[in-house]
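Now for the letters of each chain:
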Amino acid sequence: MAEQKTLATTGNSVVAEAFRQCAPDVVAAYPITPQTTIVEEFAKIVAQGRVHTEYVCVESEHSAMSACIGASAAGARVMTATASQGLALMWEELYIASGMRLPIVMANANRALSAPINIHCDHSDIMGARDAGWIVLFAETAQEAYDNTLMAIPIAEDSEVLLPVMTCLDGFITTHSVDRVQVMDDETVTSFVGEYTPENALLDIENPVSHGNFAGLGGPYFEFKRSQREAIDASKAVVERVGAAFSKLSGRPFGLIETDMMDDAELAIVVIGSTAGNVRHVAKQLRAEGVKAGVVKIRCFRPFPATELAAALRGVKAVAVLDRSESFGAEGGPLYLETRSALYDAEHRPPVVNYVYGLGGSDVKLELIRSVYTDLSDIATGTTAPAGMQYLGAR
Amino acid sequence: MATLRELSHREDRLEGGHRLCAGCGASIAVRQILLGAGTEPVIAGCATGCLEVSTTIYPYSSWKVPFIHNAFENSAATISGVESAFKGLQRAGKIPADKKVKFVAFGGDGGTYDIGLQSLSGAMERGHDMVYVCYDNGAYMNTGIQRSSATPKGAWATTAEVGKAQQGKRERRKDLTSIIAAHGIPYVAQGSISHWKDLTAKAEKAFAVDGPAFLNVLATCPRGWRSAYNKSIEHAKLGVQTGYWPLFEVEYGEWKLSTPSKALVKNGLKPIEEFLKPQGRFRHLLKPENAELLAEVKADVDAYWEYLLKRCGE
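Protein sequence lines, in the order shown, are assigned to chains R and V.
FYI, this note's numbering numbers position 213 of the first sequence as 213, with every residue one higher than the one before it.
FYI, this note's numbering numbers position 220 of the second sequence as 1220, with every residue one higher than the one before it.
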């Protein structure tokens, strides 16, 4: 295990520190709440001359991702950060980054989408981009935000993958709260993330290639998409492999999912991001009261760990999925849809219910989580019928 | 400045065999500009449009230099990223410090005047060492001749139709060259495919300056102009000679009329009708019932010419 230093710091600050340690050649970014302090901290690092990075302060998030795409195609290691409307403005470019197979790493400070305008946490930004072909990792804590950023580089740059990776951390809750974080020394990180050897780089002047060609009019567009599907499927093993290597180095576990008290759990909550902490806290309280509560946290949302999730939920009597975003007009939130689908082939399908919670930073109080477990208990005992999707804590 | 003999010995960096129309001004502009880049390595980018779809049909490419297409509105931002990668990698010691590479972004008037204006303005303000080239054919030609903010007043376009209630585009065209000059960048110029000597010299200057440069190039589109494909150069030349498209440059803030246009100060402009007449998109404009509109178009061209002469100290 590597030597580590314990800091009291915020999620954004430690993400900026991880950026520095990954030594990107280019960072092109545009400030947006609650990502802002990442780019501010990184600007300080640049001003102090502690990185060789070409730091490009673009005029919009669309140009941020456009410049990242140009830089990555040129052969640079490229990182950026955004949030909410910024991610939405990048939408077109997200698909181009993954379609061109560019290993860009981006932090996303999860924030609600307008309208009405709101600056607080929910996952509607990333969930709107969940099918853009990016690998998506979620952090519960500032520690995980740091860890995920470091892991994102070798995942993205793996020659079997070559896909962009988004590392999500919850706006304000994780980005701005001071937390205890263990960081590694620069040498350890440098050796862990490795050196990037680009393929088909624009800056390989002697071997000119064209990027972003036209593949319509009967061209191989469809086949390119299939190869992208194959790459993201293959990335699952790489995410696990890199996670295992990082666990060895840090002593912190990393899996596609993280389970707590699931061995004999009867009532399970599936959750993403910072709320996992609240859920775990309540589950522990319930355990003390003799309730067999458990928690499944999703750390890797794309590729979706369906097999692992189904295995974790084997034997439970009722499942609640907490979604911090809407999928308007669908049966429920995005995580609910994924979870239900993951369980479809299970031998004994437990009842699965959905709670949309915390939109626009609405408080996730412990009694709300407790009420979900109470509902699950009633469903498990047959006292009440599963109610599909509900809004949790809306006034 | 390179002589014709020198230029003729330089490698053509846009290979023939692409699918652009006969008489298309875009590829002529690209070839002249890349010739002006000299023999140094160049990395090129292009906005979505005719030039892009016709030169990069997978698995083929007409580009003999490294090339990138990203999307419609971000050719400038994309090339600014490529240029930034070069700087970052040089600082990392992965590219020799004395290595020189030129960066150029191309876009049509739709991708430049309209949807890509913000991306262009941002890249120019940030001071990237790159050249941006707009090939201005006056409409969204790739998607079927829809009006852009570069479309001349009175011109027909498929979204500025001619009928009882309307006689083509109602609005004046945007003076993009002045807008970019207002960024205070080292080099801004207006050129035309009809004046190769002037244009290649301008490209040479644009690539030579340290920092951003912008070239706005008049490029005929026979499909959109409704003009004879074998007269493209002549039609662009009439654009210059009538004062519709004056040739000038702004070098470190100093405005200067270029030789072909300067000659017109003494010898006089040709009547604007000579530019309009061979183009089907202006046919309605020359009808007697549109005399008033034609007078407005003329007045606009005259006013712009006067404005330029003043700026250039003529």
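Source of the hints: derived by calculation from the structure; they are not laboratory data.
Glycine included, C-beta positions come from ideal geometry on N, C-alpha and C.
Please note that a few of the clues may not be correct.
[Said to hold, decoys possible] Quick partial rundown of chain V residues pointing at chain R, CB under 8 Å, derived from the structure:
no.	residue
1	1071
2	1101
3	1293
Hints versus structure:
1. For residue 1071 of chain V, the interface hint holds, since its Cβ comes within 8 Å of a Cβ in chain R; the closest pair sits about 6 Å apart.
2. Interface restraint check for residue 1101 of chain V: the shortest CB-CB distance to chain R comes to about 7 Å, inside 8 Å, so the restraint holds.
3. Look at residue 1293 of chain V: its Cβ only gets to about 38 Å from chain R, farther than 8 Å, so that hint breaks.
The structure fails hint 3 only (numbered hints given earlier).
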